[in-house]
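Novice: Sequence:
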Amino acid sequence: RNSAGFDRAVSFDASLEGDQRAVKHVCLGDRGSWVVLFENGQSTFCGLPSRLHDLLRSREHEPHLPPVTDVALGPGETWWLRSADGQTDWALPQHVAQICEQVSRDGGRVTAVSLCAHASDFFVRSTVSTSDA
Numbered sequence: 058r059n060s061a062g063f064d065r066a067v068s069f070d071a072s073l074e075g076d077q078r079a080v081k082h083v084c085l086g087d088r089g090s091w092v093v094l095f096e097n098g099q100s101t102f103c104g105l106p107s108r109l110h111d112l113l114r115s116r117e118h119e120p121h122l123p124p125v126t127d128v129a130l131g132p133g134e135t136w137w138l139r140s141a142d143g144q145t146d147w148a149l150p151q152h153v154a155q156i157c158e159q160v161s162r163d164g165g166r167v168t169a170v171s172l173c174a175h176a177s178d179f180f181v182r183s184t185v186s187t188s189d190a
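Last residue of the sequence shown: 190 (our numbering), numbering continuous.
Think of the hints as simulated: they come from the structure by calculation, not from any bench. For each residue, glycine too, the CB sits at the ideal point set by N, CA and C. All clues stand as given, with none of them false.
DEER-style ranges, computed between Cβ atoms:
hint : residue 1 : residue 2 : range
1    : P150      : D111      : 14 to 22 Å
2    : Q77       : S107      : 27 to 35 Å
3    : F180      : A71       : 25 to 33 Å
Model the full assembly from the supplied sequences, consistent with the hints where possible.
Specialist: Here you go:
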């Protein structure tokens, strides 16, 4: 089950049917996983790795936490997210995590990550560039 109470077998389309909230961001992952972030800071999701699921769910129970503004799903249990206060969290493939850590060591911050759910392709946007990126 996800935050909206849908069984995993329920399709992405059916989960949003009749929902009047303005959609801000949609992310589709492998094995039928997905996340929808709404303009009002709420989200709905299905099939996520447990840690990401828990982070998104915690926003429902602790409204003082800044909402998630960006999320990326990668292969297997990999993901990245950013909240409205600019904080990021992730469980990234090692080669992508190393680049993100290098950005931090160089005094920058990662502003976006895009992952391919079925390959090792990725994109990292940051405030500094690294020689490895």
